[in-house]
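2 protein chains.
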Amino acid sequence: MESKEEVKKKIREMGRNLLKQISKQENPYLDVPIRALSNVSYDPKTKLITLGNKTAKRYLFNVAHIRKFAQTLGVAGLAKQLINEDKHLNIREAFYALKRPVLGADINLADEQEETNAAIEDLELILDASREQLHFNADKGGFVAGKVIIQDRNDVIDWSKLGSGGWSIPSNVEDIKFKKVDAKYVIYLEKAATWERLNEDKVWEKLNCIIVCSRGQAPRGVRRLLQRLNFEFGLPIYVLVDLDPWGTYIYSVLKFGSISLAHISEKLAIPDVKYLGLTPDDIVKYKLEKHKLPMKDVDTKRLEEVSNYEWFKHDERWVTFFKKMVALKGKVELAALTSNGISFISEKYIPEKIKNKDWID
Amino acid sequence: MESKEEVKKKIREMGRNLLKQISKQENPYLDVPIRALSNVSYDPKTKLITLGNKTAKRYLFNVAHIRKFAQTLGVAGLAKQLINEDKHLNIREAFYALKRPVLGADINLADEQEETNAAIEDLELILDASREQLHFNADKGGFVAGKVIIQDRNDVIDWSKLGSGGWSIPSNVEDIKFKKVDAKYVIYLEKAATWERLNEDKVWEKLNCIIVCSRGQAPRGVRRLLQRLNFEFGLPIYVLVDLDPWGTYIYSVLKFGSISLAHISEKLAIPDVKYLGLTPDDIVKYKLEKHKLPMKDVDTKRLEEVSNYEWFKHDERWVTFFKKMVALKGKVELAALTSNGISFISEKYIPEKIKNKDWID
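Going down the list, the sequences are from chains A and B. In this text, residue positions in the first sequence follow the working numbering: the first is 1, and each later residue adds one. In this text, residue positions in the second sequence follow the working numbering: the first is 1, and each later residue adds one.
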């Protein structure tokens with residue numbers, strides 16, 4: 001990842017480039033990669049959903065372009081201010097900061113958050129820097145425990161000494177320094193209750209791992225944290241989710257990226273993610289048939305969509321997985337493992353699956 | 001709050017009582033306070049939504065009672081086991097632990113979580129102990145920063161040394177010990193972005209306060225944490241929310257309790273909660289009219305409901321507040337304060353409101 005100085009330099013260069021165009025009396029323009037679906041594809045080689053290399057020129061003197069042109073520059077100006085002042089803004093707050101009249105005119109630079117969000121995404125692409133590097137944050141969420149010591153601003157934080165709560169993961173983890181990472185892998189969970197079970201049972205200590213949770217889809221801060229633990233320390237990320245299409249989708253987004261954030265896949269996706277969640281075979285093995293929950297229409301629809309993803313439908317293991325899921329005619333929660341004992345998940349399920357390499361990578 | 005030993009004693013006494021009835025050849029019964037709306041009312045003296053003292057006898061040998069009777073005992077047995085093993089279970093997991101055949105019969109003790117939830121609530125009332133004291137937890141959520149040092153299990157945790165993330169609040173804070181509390185008040189926030197703003201600006205250090213956030217409605221763990229800080233250290237709780245009926249409702253539940261949890265009001269509600277959120281007058285004072293968002297039908301309906309609450313409609317300050325809110329024809333987010341400057345909320349809005357005692361208590 002680029003340093004703060006490099007990101008600042010990129011913003012300055014973008015401005016200088018425009019000034020150069022102006023001094024040459026050209027119509028100033030920005031080269032913006034196209035974020036439409038037509039420019040998004042799955043790359044089987046990198047195993048990432050990525051943006052193609054189509055770009056479009058955005059001109060200042062063009063009535064169809066000027067609003068977006070000005071918004072992109074407005075966002076760049078705000079990013080420069082934030083980096084200089086060492087402050088961060090949530091993208092909602094950034095919208096309010098930019099919702100102001102332009103040069104005394106009766107027109108706002110932006111009227112809807114969609115506009116500033118799009119401008120932030122464009123800027124990410126133009127500068128090849130994530131919004132977090134530009135000091136714009138998404139919402140924070142998630143928590144973590146494990147034998148890891150980090151430095152965050154002036155605080156040294158030991159993730160193994162935070163009691164029953166854990167460390168609350170911020171929206172932006174770019175500036176965090178890892179001082180010590182004593183773990184063999186990371187378990188990512190979608191349910192707070194499961195995390196509390198594992199934490200109370202000291203799973204992170206007994207199995208020498210890190211446990212991370214955020215409810216449902218992982219927010220960007222959590223995804224970057226997982227990615228950094230994987231890229232910088234080679235820790236595999238095991239995704240422990242319910243047996244339902246939503247669990248599989250959580251795994252899919254972490255591993256391959258998502259269409260809406262395709263432009264930033266390599267900054268967020270983690271190819272080394274493994275599925276450790278409930279499988280149709282587990283349902284038999286751990287006697288969970290009686291805890292099947294009915295599939296609602298919305299579940300069935302989602303299952304169809306997910307099983308048709310490019311990266312699943314050519315993978316024999318996943319084809320079988322989804323076939324068995326359809327035959328099962330139901331979904332099963334990890335919480336159902338409690339029927340085998342309060343700490344069954346900590347003492348049997350996880351150690352057994354890890355030991356037998358019973359995951360899908 | 002009762003100690004662990006006292007709670008265990010209560011469970012034992014309940015069992016002994018039943019044994020006594022059996023040995024006298026009586027039909028064993030439990031005296032269960034009625035949780036129906038007919039037994040719920042607002043007490044203007046205590047300022048709490050509370051349960052009346054109507055109870056009903058629940059018999060073992062009564063076809064209409066036996067299922068609930070058995071479920072209540074099942075939950076009591078599980079609670080005893082959890083307390084003995086010093087473990088906790090989320091109420092979803094507790095359901096799975098209790099969804100098992102009774103005495104080898106072909107009938108489950110419980111088939112739906114509603115049943116075990118109701119049994120847990122009944123047990124809370126029968127024993128006058130919260131579910132957390134019985135080692136049943138709701139979902140965890142929320143995070144905190146401030147000059148506070150706690151002990152949680154074997155860890156000593158300093159809430160002022162947790163960087164940009166803060167301490168993640170567990171679902172159960174009953175066993176946490178406060179070792180040092182150096183703060184004048186608590187600010188409770190509904191938006192993670194606002195908390196990150198305040199944390200980055202070190203508001204908790206500059207104003208000597210504690211900042212707590214959980215998205216939307218505060219989960220039980222957060223409510224108990226706020227309540228303990230208020231009851232044990234006399235810290236007032238300022239609720240900093242958007243100007244909309246959902247923000248006012250968050251304040252209302254924290255202060256007065258809620259109808260669905262009326263049976264546990266005095267264990268969760270905090271009469272010393274003050275509204276520090278955006279008011280209709282703030283909109284004029286801080287030039288936020290231009291950031292008004294349209295009221296949707298669902299907002300208008302909610303506003304009508306909330307403004308008709310017993311505890312609001314006889315309070316002149318709130319009557320005026322809601323009247324002005326209707327006249328405003330819009331809602332306004334705290335994030336809109338960013339239009340006055342990135343750190344306006346930290347450097348102007350909060351200090352000014354606190355200094356001028358510009359809150360509703």
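Accuracy of the hints is not assured; some may be wrong.
Partial list, derived from the structure: chain B residues whose beta carbon lies under 7 Å from chain A [to be verified]:
(1) R92
(2) A97
(3) P101
(4) G104
(5) D106
(6) Q113
(7) N117
(8) F143
(9) K161
(10) W167
(11) I169
(12) E174
(13) F231
(14) L235
(15) P236
Between beta-carbon pairs, the in silico distance windows are [said to hold, decoys possible]:
(16) A/G234 - B/K202: 29 to 39 Å
(17) A/K184 - B/G77: 47 to 57 Å
(18) B/E232 - A/T46: 48 to 58 Å
By construction, these hints were calculated from the structure, which means they are not laboratory data. Owing to the predicted nature of the structure, the values given are computational and were not obtained by experimental measurement. All C-beta atoms, glycine included, are put in the ideal place defined by N, C-alpha and C.
Going through the hints against the structure:
| no. | hint | result |
| --- | --- | --- |
| 1 | R92 | holds (5 Å) |
| 2 | A97 | holds (5 Å) |
| 3 | P101 | violated (10 Å) |
| 4 | G104 | violated (15 Å) |
| 5 | D106 | violated (12 Å) |
| 6 | Q113 | violated (10 Å) |
| 7 | N117 | violated (14 Å) |
| 8 | F143 | holds (4 Å) |
| 9 | K161 | holds (5 Å) |
| 10 | W167 | holds (5 Å) |
| 11 | I169 | holds (6 Å) |
| 12 | E174 | violated (10 Å) |
| 13 | F231 | violated (20 Å) |
| 14 | L235 | violated (19 Å) |
| 15 | P236 | violated (24 Å) |
| 16 | A/G234 - B/K202: 29 to 39 Å | holds (35 Å) |
| 17 | A/K184 - B/G77: 47 to 57 Å | violated (38 Å) |
| 18 | B/E232 - A/T46: 48 to 58 Å | holds (55 Å) |
The structure does not agree with the numbered hints 3, 4, 5, 6, 7, 12, 13, 14, 15 and 17 stated previously, though it agrees with the rest.
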